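Participant: Take the sequences, apply the hints, and build the full model.
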Amino acid sequence: ATCVLFGDGAGAAVIKPADGERGILSTYMKSDGRLADLLYRPGGGARTPFDVAVLGERGHLVKMTGREIFKAAVRSMCEAADAALQRAGVAANEIDLLVPHQANVRIIEATARYAGIPMDKVYVNVDRFGNMSSASIPVALDEVREQGLVGPGSLILMVAFGAGLTWAASVVRL
46 ATCVLFGDGA GAAVIKPADG ERGILSTYMK SDGRLADLLY RPGGGARTPF
96 DVAVLGERGH LVKMTGREIF KAAVRSMCEA ADAALQRAGV AANEIDLLVP
146 HQANVRIIEA TARYAGIPMD KVYVNVDRFG NMSSASIPVA LDEVREQGLV
196 GPGSLILMVA FGAGLTWAAS VVRL
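Per this note's numbering, the sequence shown starts with residue 46, numbered consecutively.
Treat the hints as calculated values from the structure; they're not laboratory data. Since we're looking at a predicted model, the values are computed, not measured.
Okay, derived cross-link-like pairs now, DSSO-like style, lysine-lysine, Cα gap no bigger than 27 angstroms in a straight line:
1. LYS75 / LYS166
2. LYS166 / LYS116
3. LYS75 / LYS108
4. LYS116 / LYS75
5. LYS61 / LYS75
Label-pair ranges, simulated between beta-carbon atoms:
6. ASP53 / PRO94: 18 to 26 angstroms
7. SER199 / ALA81: 34 to 42 angstroms
8. LYS116 / MET74: 19 to 27 angstroms
9. SER199 / ALA91: 38 to 46 angstroms
10. ASP187 / ALA137: 23 to 31 angstroms
11. ASP187 / ARG86: 23 to 31 angstroms
12. GLY89 / GLY198: 38 to 46 angstroms
13. ASP172 / ALA208: 16 to 24 angstroms
14. PHE95 / TYR159: 34 to 42 angstroms
15. ASN138 / GLN192: 20 to 28 angstroms
16. GLU102 / GLY161: 39 to 47 angstroms
17. GLY161 / GLY198: 19 to 27 angstroms
18. GLY207 / ASP141: 21 to 29 angstroms
Glycine is no exception: its CB is placed at the ideal position from the N, C-alpha and C atoms.
Facilitator: Written out as structure tokens, the structure is:
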């Protein structure tokens with residue numbers, strides 16, 4: 046089911062050169078087009094523009110193989126988290142807060158468990174907003190800042206996956 050995908054939001058982050066030990070410590074990004082059929086929209090894009098035929102074939106609707114996307118999401122987000130942590134020279138237990146893509150709670154919990162980060166160090170808002178796609182992490186970052194869950198010196202791990210299939214992670218010290 047794709048009903049949890051119906052969140053909506055927008056977000057942005059202003060970045061600037063950092064001094065000292067603050068800033069973006071590492072990033073990791075990867076994609077594998079062989080997994081594209083796990084999560085895609087067959088019509089309504091540049092390759093197959095939206096028209097009456099696409100509508101009639103329901104090609105404008107998101108197609109997802111739930112069980113397989115769950116496994117791929119957890120596996121890829123853990124890979125990205127491990128790589129970003131290693132590149133930053135940081136251990137999972139040093140992370141103050143994990144801010145994951147808010148796809149669904151099961152994926153978030155499994156990723157945290159396999160990454161070795163307890164749920165009390167994981168920010169979740171998918172229960173209130175649904176999956177906001179690319180806005181999920183920026184909105185979550187704003188919320189954790191507003192709620193005082195992070196501040197100067199906090200070490201944050203952000204991790205995400207998306208259609209295509211793509212996945213990424215960043216380690217940032219505020």
